[in-house]
Each structure stands twice: as C-alpha cells, then as structure tokens.
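Undergrad: In order, the protein sequence lines correspond to chains A and B. Under the UniProt record's numbering, the residue at position 106 of the first sequence is numbered 106, and the numbers go up by one with no gaps. Under the UniProt record's numbering, the residue at position 336 of the second sequence is numbered 336, and the numbers go up by one with no gaps.
Simulated from the structure, these hints should not be mistaken for lab results. Errors might be hidden in some of the hints.
Subject to a maximum C-alpha distance of 20 Å in a straight line, what follows is the list of computed EDC-like cross-link-like pairs (lysine to aspartate or glutamate) [what the hints assert, rightly or not]: (1) A:Lys-215 to B:Glu-278; (2) B:Lys-131 to A:Glu-212; (3) B:Lys-130 to A:Glu-212; (4) A:Lys-248 to B:Asp-139; (5) A:Lys-406 to B:Glu-278; (6) B:Lys-126 to B:Glu-103; (7) B:Lys-336 to A:Glu-212; (8) A:Lys-210 to B:Glu-103; (9) B:Lys-335 to B:Glu-286; (10) A:Lys-208 to B:Asp-105; (11) B:Lys-336 to B:Glu-278; (12) B:Lys-126 to B:Glu-100; (13) A:Lys-215 to B:Glu-101; (14) A:Lys-215 to B:Asp-105; (15) A:Lys-215 to B:Glu-103; (16) B:Lys-126 to B:Glu-99; (17) A:Lys-341 to A:Asp-100.
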Amino acid sequence: MASAFSATKFAAHPFNTISPTSQNKPLKIPTAASPFLGSTRKLLRLTSQLNLSRRSSGSVFAVSDVVKEKKPTPTPSLLITKGEGLVLYEDMVLGRAFEDMCAQMYYRGKMFGFVHLYNGQEAVSTGFIKLLKQQDSVVSTYRDHVHALSKGVPARAVMSELFGKTTGCCRGQGGSMHMFSSEHNVIGGFAFIGEGIPVATGAAFTSKYKREVLKEADCDHVTLAFFGDGTCNNGQFYECLNMAALWKLPIVFVVENNLWAIGMSHLRATSDPEIYKKGPAFGMPGVHVDGMDVLKVREVAKEAIARARRGEGPTLVECETYRFRGHSLADPDELRDPAEKAHYAARDPIAALKKYLIENNLSGEAELKAIDKKIDELLEDAVEFADESPLPPRSQLLENVFADPKGFGIGPDGRYRCEDPKFTEGTAHV
Amino acid sequence: MAAIFQGVGAAAALSSLPSNSFDSNKSVFSPRRSFSVRKGASFAVVRSDGTVNLNPKGRRTQQLIPNAVATKADSAAASSSSKPGHELLLFEALLEGLEEEMERDPRVCVMGEDVGHYGGSYKVTKGLAKKFGDLRVLDTPIAENSFTGMGIGAAMTGLRPVVEGMNMGFLLLAFNQISNNCGMLHYTSGGQFTIPIVIRGPGGVGRQLGAEHSQRLESYFQSIPGIQMVACSTPYNAKGLMKAAIRSENPVILFEHVLLYNLKERIPDEDYICNLEEAEMVRPGEHVTILTYSRMRYHVMQAAKTLVNKGYDPEVIDIRSLKPFDLYTIGNSVKKTHRVLIVEECMRTGGIGASLTAAITENFNDYLDAPIVCLSSQDVPTPYAGTLEEVTVVQPAQIVTAVEQLCQ
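In isolation and in its complexed conformation, chain A is listed as follows (with noise of 0.2 Å):
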C-alpha cells in the first residue's frame, strides 16, 4: 500500500524487509501523503479542499468538513488568524529554546537523570494544546516538558524540576519525566510506556461521571493522552482503546509517531506500522496527520476534541513527527540515517509556519524576530530563577509520601509517626 512510512525507510536499515533493492533507493520525500503548507504552490488548493492524507482504507475520519464550520476569518482563506497565528509560533518557539536550554543545563551538570527532549515534535504539542482550555487535561510520557509549557506551567517552574529545585512544579519530586500540574491540569509525566494512558482514560472518566452521576451538565472537560509509537505496541494502549470506545469517553489519542522508540525503528517492531488504522477496529475514528506541520494538526485536533465535548466518544490521531535530537541527553543517535534527519530537519514545524505567517501577511520577520527575543529573555529568567531556587531541605522528604500522614501508621509510643517532631525534620525513622 503507498504509505507515508516505506518512503522514510533509509538505506542502511539492515534488515530491510520491504525490497530487498531499497538499499541502493534513494531516500524519498512523500508526496502522496500530506502536502506542506509551507509550500505556497500547494496553499490555496489546500484551503479550499483541506487534503490531510486521507487513507482509502477504514473509516477514517473526513476532516474536511471542519473548514467548513469554522468561524469566519477576515481573510476566509486562511486557517488561523493573525492573533492564533502568533500564539502558535509563540508556543511553538518556546518549546524549542526550553528544550535547547536544557542540554544546555544538562551538559553543564545542572539536571542529571534521563531528560528527553521534544525538538522538532512542537508541531503536536502546540496544535492541540493551545486549543484546550484550562480544565481540560493533558497526559503525556517522559518527553513531557513541552507539553507542560504548552498547557500553561510557567517555564520557571519546570525548569526549577529539572533543576531538582524545591520551587518545581512537582517541588522537586518528581523530575524531569513526571511533570504535573493540578492548575494546568497537567497529569503526568509517566516513566513507563503506557502507563500514563489507563490514567488519562481515568481523567475523561471523570469528566464523563461528573456530567452524568454528578449531573454537572455543562462537564465537557476533554483528556488528551500523548504517547509514541513505541506505545503503541504496549497492551495498555489497546485496552485503554477498548474502553474508551466502549463508554464514549472524552478522550483524544495522540500517537506522536516519530519513528523511532529508542533505537528501535517503528517498522522493525510493529506487524502493522499504520497506527491510525487501529482505531476502527475499536469503533474509532483513526486519523493520520502530517505532524510537522502545526495547521494541519491544529485542524485535526478541534475535530477530535470538539468530537469528545460533544459526547461522540474517542478519536485516535496519529501524527507523523520526528524527533531531531536522540531520545534522551544520553543517547548517542547512531542508527538514525543522516538522510533521514535531513529529511525532516527540512520540514521544520517553526520554520515552516514562520514562512506561513510571512507569505501570507500575517505578522513579519520583526515581530517574529521580537517573539524569539522575548522567549529568550524568558528562559534566561527561568534559568537564573532555577539557579537561585533553593534545594529541598531535608524537611521535605516524608510530606508527600501520604496525603494523610496517618498512613504512616502508630509507633511504639502510641503515638501517629507523623506526629514526631522528627517526622518534619524528615529524620523520623519510617
């Protein structure tokens, strides 16, 4: 079948299965699947008949539609305002240079541990989280920085996490691969594939008993669950499909399909690498994205979550990304081909929607020039906020263990533990 992925098979795979020739192809650059809208040539066919790689196959979503309903625009040909426009690109930029600042820290020995970072996969993050509102939530995996900016925590607080400052969000605690945020409600932050999704099904549970047992009837909170294609191999993603479409819950699925799971090659793991197909077969709609590209997933994203408000169930949307950077600060990045990289390196989400902006007289080189400035300006501030931030005390090592320190149980005096003076010191023998 043509698909987007067997041209993004590079050359020095080993154990090509596909053709065996494939070794001596030339990498291609799909033109079937998702026309850039960088591109000024393909624009105005775009908007007038939004073509986001349909599949033949299945009973993927027809988004097409959507353009439709929206709200008119002063220029009726364009996806975004000026106003959305420049909130993207915002949003977009400071997920870059956090993550650039964080090697930065990393390397010069201010955060240790497994730090994984999101370069060049701002795209999905922006596009569907700008869209949610505050009381929707986000879940996302270890590469989770960029999404905790996104929904709103304040980049001095996830950088003071990753610092192991007590002024983090997570006061410490937690660490770069379990941001949360009960503000932005931002749930997590997980370690292991998959175990984040059975939380996010939970959350969209929630929202589902709070409009139907609690009668809270104006409840439309949605849950968007982020993962890879790694996880999409793991037992939990399936059940969690189950279920979701079993009780229509308020769910959106993003699989940030960047190819990669570590070193293992999505293609080498997966018997069937067209993710987007596995939502029909748990009564879903599946829909595949070009994730480089913001508009395009922006445009997905408020179908699929206007589809969860309205109480239709879950969509399973699969977005096309590639992470530039290996998969953590540790990994050296080997097998990934140099075409490759290169290959998507060109498909830059923040170039591309900077050029968007330009052609179309949305904002300028200045004023983008000045958003960059200012993003930059405030990550020194978070940095230098980090920096300053004291290190947990002690003191802090047994408050959050229970949320009723009770828990704690009684000592040999009779009284509750966490009742000895020792207990806040953090010194209390438990």
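Got chain A sorted already, so can you dock chain B onto it with the hints?
TA: Okay, now just chain B, sitting in the frame of chain A:
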C-alpha cells in the same frame, strides 16, 4: 470460645468445591504427621454438624459469639455491645459498608469485573448497580492493568473509586499501575494530586482453587511506598475497614479472604469505622503474643481453645493493618508477654510475617525472652490436591506445638 465457620465461596462458579471436601480431608491421615489431631476437630474448621452445603441459602452456620471477639473501642463510634445491632455475613457487611459510603458521597464509585449486573463474584456489590446505575458500578472488560489505572486517573481527578480485583491474584496484572501510579504519584507530583482509591478483593488460600487463585498478594505489595494495606477478618471489621478505606485520602488496599465471606456476626446499627492503622485485640492474655491476620486468626483461635485447655494464656492480636504495623498495640503486648508467635498465610520468604519479625526485633528486642517464631505457609505453589494444600498452610496443631515450645 467462638466457633468458626469456614464457608464456601458464594459464587459456585468460581470456587468449584466438591461438596465432600471436608470429609475427604478428614479421612486422610498421614501417619507421618508429626502432630496429633484432636478428635472431633478437622484440620481447619469446627463445623456444627460435619457437613457442608454448597447451596448458600441452605448453608448451616454457627454464629460467632461477639463477646469472645473483644474488639477494641474505636474513637469514632460506640462499641459493638451498646446496641443489639443486626446480624449479617461478612460479604454482606462489606456490601453494607460500601453502600453506605456510596450513599454518603456521590463521588464513590465501583469498578471491576462483574461488579455490576453480576453483583460481584462474591456478591460484595450485589444490588448496587440497580440502585446506583451502570456508570457508578462499572462492569469493566478484563483488563486489570488498565482499569486499575483508570481508577487511579479517576481518583486523581476527583472521584473516589473502589476497584475490585475479582481475585487478588489478578491484580498482579495491575502491578504496574499499583506500584508506579497508585503508590507514587502523590509523591512525584509534589503532593498536587491525591489518590483516594480503594483496591479490594479476595485472596488467600481457598478450598482447592489451585495455585494461581490462592495467592497472598500482601507480601508482594508491601514494599510499595505510599499505600496502606489492611486485612479484614470479621464482619465487624470488614465493614469498618471498608468505610475507613473509602474515607481515607490515601490509597488503601483491602485484603479479603475467599473463605471468610460467609462468617456471621452481629454488628452495630450505627455508623462506625475501624481505624486503618490500628490492630485488634482479639483475646487478652499473659503468656505469649500471637500476631495474626485474616483467615489465620481463626486457626489461631482454634489453637487457643486447645492451649487454654492445656493451661496456657495466649494473647491474640489481629494486626489488621498490614502496612503500616500498629507497633503500639503490638509493642505493649510484647512488653507484657515477652514471647511472640506470628501466624500468617503468606509464604515463608518475604511475607508480612518476615517484615513483622524484623520490625519487632528492631523495636522490642530487649523485651523478648525468646526468638520470635513465625509460622508461615510453605514456599510452594498451592497444590490442587486437598491433602497437599492443607499442609502448605499453617494448621492449628502447628500453632499449639509452637506455643508449647515457645513457652518452655
């Protein structure tokens, strides 16, 4: 002494017990047995007339005498002897506690396999789906890891779910969610999200249920930080612990036992809870402290009968709180008797008894006149054959022997 009844599981479908299982146990006397069996008592159970009827309606039970189970007065409620109360079976007590909490707080919901229309494999959720609806009493597909995780996500976003493992052993599939998310997310989120979930289900060695349906998951879960574990053993503490667990802001795992669901007791009419962190003084005594929980409590009480006749005065404590241990009640007892016997159903290696031994040694070593003796199940996958199954689990005669040796 209280007579005990070891009932069959209410759902015949799950516990496929031959109706003469007791008789076959009784008839097999291995001459190699090192302990004698008292005439008239089987290895495990005192029955009222020596037969067991599988039909739940026709079941013959012997009522538990409330006085013999001297429950500790709880701070939250009056003691059980203040009012006549009402009589019910343990599974009905759990159901009552659950129903009362669901009426009290609309955020309390139930999730699990066959909890709704089927009423629960052990009837603990019988009638609830009709009363509260299919969303509040949710029949889940067979996906333990995911629906436990779903319960955790629901708990984090404002609900108070009670997740049922149809058999505790099935929760091995949910270990990812229980360990990583249930136990840890309050901490890794810096306290931003609470997880007031209750995970409950029947475990323990039943009547020839086979190895995989006879597991003791308390030993596997005990290391998980951030959770509390309690084990119920009487209708009184079953209802009390269920209610306390639901009201707790911490994630609580409530261990029930497959063979205890048909215990009958008179419990108070008024609202009461049992403190999650406290142990229960079952029988005060002077000579030896016997620490136990769940079904082994009844083996211990059976052995206590024998011991009393032989002139011993054991103090029996049902520890109830498996994590954390109530070191106050336990400690006071150790300081009084100076001898400790732990009787548990966990395996020898790494069980609750092992942890309890360590905790007592650490805290009360000076008060001990003898090494702590811990009687546990054998490190054997529970065999199907009744004779073998019996031997893997601690029997009253072993308890008697252990006390006699301890008190020399």
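Undergrad: Could you work out which earlier hints the structure fails to respect and list their numbers in ascending sequence?
TA: Violated hints: 1, 7; rest satisfied.
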